Each structure stands twice: as structure tokens, then as C-alpha cells.
Amino acid sequence: MDRLKDNYSTLNDLELHEKKVSGELNYLKEQYLQSNYLDFYKLYKSDNIANAFYRMCEIIPINKSEDDFVYFFDYIFALDYIRGYRYGNITPNYKIILENGISSLFYVEEDSRFCKDYNRILQGLIVLSKRIYNQTDSIQKEWFRRIINEPAEHFDEALQRILFVNQVLWQTDHFLVGLGSLDDLLIKYYEKDIKSGYMLKNQLKEKLKKFLLQIHNYYWFKSGMLMGDTGQIIVLGKTDELNNYKYNELTIMLIELIKELQLPDPKILLRVNENTPNEVLSLALDTIGTGVGSPILSNDKVVIPKLIKFGINKLDALDYGVSACWEPLISGKSVSLNNMTTLNFMRPLENLFRREKLSNVKSFNDLVEKYLIYLKRNLNAVKRVVKSADFQYDPILSVFIDKCRERKIDVSQGGADYFDAGITSVALGNVVNSLLIIKELIYEKKLYSLTDVKKIVLTDYKNYEDLEKLLKDKKSKYGTMDTECIELTKKILYYVTENTKDFRTEYGGKLKYGLSAPTYIDAAKTAFASIDGRRYGDPFIVHISNETADNYMEILQFASSLDYGDNRFNGNVIDIMVNPYFIKHYKNKLIEMLKVGIDLGFFQLQMNVVSSEILIRAKDMPEMYPNLIVRVWGFSAYFNDLPIEYKNLLIKRAIQNERYMS
Amino acid sequence: MNYSLITNIQRMCFSDGPGLRTTIFMKGCTIHCPWCSNPENISIHKEKYFIKSKCVINSNSGKECKKCKYNEGLCTATGEYGYYKSTDELVEEIKKDKDFFSSSGGGVTFSGGEALIHVDYILPVMIKLKKENISIGFETALFVPLKNIKKIIKYTDFFYIDVKILEKNMCMKVLGGDIELYFDNLRYILKNAKNIIFRVPCNDEYTLSKENVEILLPFFKDNSSVPIEIFKTHNLAKNKYDSLSKVAMGIKCTDEVFCDFYSKLIEQGNMVERKEI
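The listed protein sequences derive, respectively, from chains L and E.
Residues 63 to 724 (this note's numbering) make up the first sequence, in order.
Residues 158 to 434 (this note's numbering) make up the second sequence, in order.
Because the hints were derived from the structure by calculation, they are not lab data.
Some hints here could point you the wrong way.
[As the list claims (entries may be wrong)] Simulated restraints on C-beta separations: (1) L:Arg679 <-> E:Asp417: 28 to 36 Å; (2) E:Arg344 <-> L:Leu509: 52 to 60 Å; (3) L:Asp522 <-> E:Asp245: 42 to 50 Å.
[Stated by the list, open to error] Per the computed footprint, the stretches of chain L lying under chain E, defined by three or more beta-carbons under 8 Å from a beta-carbon of chain E, are: (4) 528–541; (5) 610–617; (6) 648–662.
These numbers come from a predicted model, not from an experiment.
We put the beta carbon where it would ideally sit given N, CA and C, even for glycine.
Could you put the whole structure together from the sequences, leaning on the hints where they help?
Here is the structure:
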């Protein structure tokens, strides 16, 4: 157990998380290190990351628990001194440690700083392994003997190695560390062990269960700004070159275990295509129906071709994983940071109202063109943010990313195969709705002028409370098959592509974006009111969604009508609220609906299975619902752990969904 | 004036037939059930409505629109139940979900009110939909001329047939329906239709009264090959009644009576499913 937590043994995970986020833990940690481990502290503060890592491996207390696996994290010795833009939201190549002993990775000649540091990291890993070996018994001892010189042989040994790499990365300030395609990665060990009689199926399943429970450890530390946002995502299922759907016993087993364990973390992203068997979709819906918040579905039929068109190698594209929430990336080969910043589509509209001489706007088309001009300025700002990122030298990560070793180049200097930059986006739905409402109110019905609209949004509907109520009641066009809405949405999307497609990072990485973001609440907190009935500070529309819809088919059709080509594939999630009754009573029909949706071409889809009644009760009496899990942007979290604005938004969306769907 | 008015086109209906369906609610009914959950579909004519809760000027009092500046385009508190769509427009609307129908065995279900009043309007729609292999069903109380049924039965894949009050005098008194007409139509449908499901709206006071149950049980026993769905009537349509300045009777069904009826049907060998709202 984390020793720092021992010092705060009365604090729960949420409280510890708050102390981490506030910086208090970091301050205490530095005080402690200066007093007790000054030599390590000096290395920790230096640029000599490799030696700092080695020293950490020498002195970090080995926390050997009674569990099946060795997995520990010590905040005191976390190498979290920022040396530049840090790497996170990625998945390492676990195969490197599964198929090799550590010692086989050494450079014979240290002909560069990178090679020297790389070897030092490996030395650190060996030191740590030997220390664990000395303090463990039986099978764990054997694992940590073999990890130095031999590849993994058995399923449980492979799980231990994955945990070891995962632990090292969290310990060294990498965040949102993904787990990759575990079904694909582990199947050969699983099948071999069954065939040889090493273990029975149920024993292997038990090991996998223990593994998942271990991964869930240190939840408070692993969580980003919100509890639950750990990035510990397991990708399951895939499509082969012949468009067959590939899955195996581990695919089923992992979904079953997530359903059984009812933990918000780790979570699953299930890749699907038009040939995904009903058995798999049925199990996925059963799991989703428990309210555990996963799996999220990712449509290979759409995603893979877009990756290939972007320039991803075909075989890599077939093997795609995702970063923490949903953004496609090539696990083990990519250090593309998929969420470097958020494009807020509402800002240009605000700026237009604040700065533009509205008498110059002669028509609706004029208005749209002017909006795009302001959007371009925002895009330039986004590009500046991305360009300014100065990535920290990271030989630790370089050990676990393909090709860095071969090329002798650190990840920060372009050692990996893929190093694009991804951004997310918010408020497109609000902007599209707002523009169409302006068209209706001003240019068609001539009820108001642009100056009126400016006044309304800048004064937060002061003296226009009636209008606010009417607009709030208006059905959203975004998320429907309204032709005008789709055309306007596409126009804006293509414009973003046009103005970002030529962008390159220092090492030639391209910029990609998507229509989902974690920031639909935070980015909206300081956003002006919008003429779609949204008040100042109210959350933006969540991803691709429409809470005023009375059916799910239309949102599937809408999402399928959008073009995710060029650089528009960085996560495009349909987010729907579903009453538990629906899944329970209409599962087979939901499966049929999903299958059509996959064929039509939605990009990704996640469901929040909640009832407003339960959420309201849980908000008022949290002690009665300690294990209530909900879906928040791209992860699952305990409802009780969420800040109040997230709870309120979920309740509001659930009520709206139930009202319109009934 | 065309009286084939529609009040709602409800997509993603999961309980109005097989697969994923779109249900078309037609305006006009030949009976008047006290528990009706679609009061806007009883009259065949357009009807003005006023939804008090949506009125920004007058939400705390008043039962009718008092006209304000928002009437010219933004107001959703007033309007009319019932609108007309040409048959081509209706076909195009239904076909929006064709992809969802074909894989799920779904399609369109005509309901209301009493959709079988409007067969002259619906028939050309059905013919066009059949060319696209879209499944078609009807929900009906069967209090319509037999000739109406004969016109559309060839194109109909299934009927949901309401079974409510089967005693002649009570049927006329409570529903305003001619039970002989009902039975004539039923005999024809049982002989000629592809698929039938009985539906029983259950409430303590009328359909599951002791007297009516004594008639229902042998009726279902005689027609045991036809599956039955039973559901409780409810008061969820109160807002719609309010919008029409009508009074919702709030006729309910207790669990005890509902479960007892269900058990009796099971005991006598019927295929019966309990549906929840």
C-alpha cells in the first residue's frame, strides 16, 4: 500500500485524490525526500532521468502483498518532476517485456546519450526485479527471476509482466496508461496453458480477475482531474484483413469479469464491425445494462479506413487501440497525444458578437462566413498551443514503445512510428443549433435582430427569461437528420480540416481532431449564454448527443452521416442516456438497432444506463448508493465521487431522455 | 377536406410489433374508452390544445391561450392535434428507418384512435411500403365496417386486436361499441389474417370487473391459439387531457386484480405476456 496513504490512513480515496490535485501531497512528498533521501531528491530534481530512475529502483520500498501478483506504487518515490510536456494517454507495447527478458534489450555499444540512458533504465528494471525476487516467494519469485533473461511462458506470468510495466510507467509520471488489446496479447499464453494442463480455464479466469483488481489499485492516484479518469482502458475484439470479426475466449471472459466486478475501472472499449456476432453484442449490452459504464463501442468499419487514409500503415490500423477514453491510436507504436487541447466552437461565435459590427452582417450566409473567420483565429491559437509543446526526454517510455530502440531515438525526438497531435472539441452542437435558431428568428420569422441576439447572450437572457424558456423547450436540430443541420455541421468540420491539415509538429506529426471532449462542463463554465437556450456557464452538449430526441435511430443516422475522413477521426462518440428498463426488456431489438448503426457507420457509441429517479436519490442520500456507477465523458466513475455539476448534468440528461423517450 | 389526420409518427417503437417499428397514430376513433391514453385521437377533427406548463406568459393560471407575441413562431404551448400528410409524404417519412426495419423484421404499425377508419388513405401507403418489403401491422379495436378490413387485410402482416368489454350492453354503454360488429370482424380476421395478437387493457372497474372476466376467460380459452398481451391502464395521459380541457378518468388496475387475471389465463393454457408501460 502506498506509504503516503498510510500517513493519511483516515482519508478515503476521494480525499486523497483532492490532496493530490491540489498539490498538497506533492509538497509533503518533497519535504520528506529532502529530509530522508537527499541524494535521490537531487537526482529527482535534475535532468538526469535515467539515473533518477535507477536510484528509485534501488530504494523504493517493495510492497509485497498477499495477492497473487506483485503490483505496488509509492507516491513518495514517484518521478513526477516535470521536465517538459509529459507523456500520457498512451499504451505501451507490453509485448516487448512479454517476448523478451530485460537483459536482451541492452545496447552493446552506448554510442549516444540515448543508448546510455536506455541501458541505465534497463539496469534499473533489473535491480528492481532482483529486489522483488529477494522479497517474494514461490511462483512470484520465479517470475522475477525469469523476467531478467527469459520471455514469459505462462498466462499468469504474462499478466505479472504487464503489471510490472504498468507499475513502472505510473511510478515515472506517465498518466492515463492504457492496457491495450489484452485478448489479442494474452491468447497464446492462455491457450498454451490450457493445452498443456498448466491450469484449468476457471483458474486462468480467476487469475485474470485478480489482475483486474490489481489494476484498479491506486485508483485515487491514477485518476486525473476527476476520480475514475484513469485511462486504464482494455481494447477488445478486432477486424482482420478480410473484414472478419475476430474475438476469442479472453474477449468474452474480460467482458464477463467487468460485468461481475462492477468496478468503474479498468474499462473496456469493444471494437465491432458489421460481422460482430450477436453473442458478443448481447454480452456487451448485458454488461452495459448493469450500469457499469462500459464497454464503449468503436466501429471498425468506419475507424480503420479513416486511419489508413490519414497515413497509418494498414496492419497497424487493423490493430488500433485507443488512448484513455476513445481516441484511436496505435498501441505500442504511437506517442501521439490525442488530447493536447480542446477546440471550443462556441468561442468564435462569442467573439463574433463581441467584436463584429453586426450591421455588416447582411444575411445568414454572411453570418456563417464571418463565424468561420473567427473560427480560423481560434484554430490558429490551437495550433500555437500544440506547436509550443516541448516534450520531455523520456527514455523510460522509449523502452516500451516500438522502434525507439531500433532507431536509437527517444520518443520526444521522433523515435516512435507515430507522433501526431490530437485535439478534442466541444460545443459544436450548441453552435449549430444557435446558428439555425438565429436563421429562424432573424432571417425567416424576422422576430429579432442580431443586435437583440447579442444583447440576449451577453446579458445572459436578462429581461428575456420568457424567450429562454421557449428556446430551452425547442427540440435540438443537432443530432437529427435535418438537412440544413447536417450541411452546416459538415461545413464547419471541413473548414477545420482545411485550416489544420497542413499543420506539422516539430517531427512531422499531423494534427487530428474529433467531436468529443472531456471539457463539456469545464469549457462551458466561462462561456457566454447561447441563443439555443443555454445560460451562461451551463454545460455544452455532450459529445454527439440529442437529449430532445424521442428515438435513438436518428442520432445513429446523424452520426453516420458525418464524414470522419481526413483528420476528423480523433474520437467521435455518440453519447446516449438509456433507462435500465430499456435494456432489460428490449435487448434484442437494441442489438438489431446497434447492428444497423454499425452498418450505417457511426464512429463510436457509449451508453449511460441510469434512471433519473435513482440519480436524484443518490444525490440526496449518497450513503444509500455507494456503488452507483455512471459514465462521464469517456470513463466510468462512482456517482458519489463526482463534483456536483456533473451529478446535476447527469440528472438533467436522464430526465430529458425519459421525458422524450416515453 | 381530408379527414385522415395524423397526430404522431413515433419512431423506435419496441412494443408495437416485431423488430424496430414506426407507429403512425391516426386521429379519430369509433368508440370512447374511459381509460383512453390517447385522448387527442378520439375526435376525427383537428383540435386545439393548450399546454399550460409550456406557456411562458400564463403558466400559473388559465386554461387557454391568451395570445402573446410568441404565438407567431416560438410558442409550443398552443397548437392543434392532427395534421395532414400526403400518402407520398407519409411513405417517405416511414422509409427514413428502412435500414432498421429490414434487419430487425420491423416496419410500420398503424394505430390511433382507430386506424381502420382511414383505410382509403392508408391503403396506397401500404401498397407502396409492401413494394419495399416493409412489414405492416394494425392496432385496432375492430369497431369498424367489415369492408374496411377487407380492403387492407391482404397487405397486413399482423393485427393487434383489443379485447375490452365483451358483454353487449356494457360494451355499448361504456365504449359506445357494437359488440356484434366486433365479433363479425373478429371471425373474419381469425380466418383470413396472417398473425394476430390479442391485447387487453386491464383495469379493475371495467375490463377486469368480475362480470367481464367471466366472459373474457372462456373467450380466450376458445381462441387459445392466439397469443395475448395484457397491460394495466394508467393515468400517464393526464397532461394530454388537460391540454384538451378534458378530464382524465384516472382508471387504474391494482396488482392483485392484474396478477389474478394473468394466473387464470395461464391456468387455462393461454399464451399470455404481461407488458409494462
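A quick look at each hint next to the structure:
1. Between arginine 679 (chain L) and aspartate 417 (chain E) the beta carbon distance is about 32 Å. The supplied range of 28 to 36 Å therefore holds.
2. At about 58 Å, the beta-carbon gap between arginine 344 (chain E) and leucine 509 (chain L) stays in the expected band of 52 to 60 Å.
3. A C-beta distance of roughly 46 Å is found between aspartate 522 (chain L) and aspartate 245 (chain E), which places it inside the suggested range of 42 to 50 Å.
4. A stretch counts as covered by a chain when three or more of its residues have a beta carbon under 8 Å from one of that chain; for the region 528–541 of chain L and chain E the count is 7, and the coverage holds.
5. Proximity of the region 610–617 of chain L to chain E, defined as three or more residues with a beta carbon under 8 Å from a beta carbon of that chain, is established by the 5 residues found.
6. Counting residues of the region 648–662 of chain L whose C-beta sits closer than 8 Å to any C-beta of chain E gives 8, which meets the bar of three, so the coverage hint holds.
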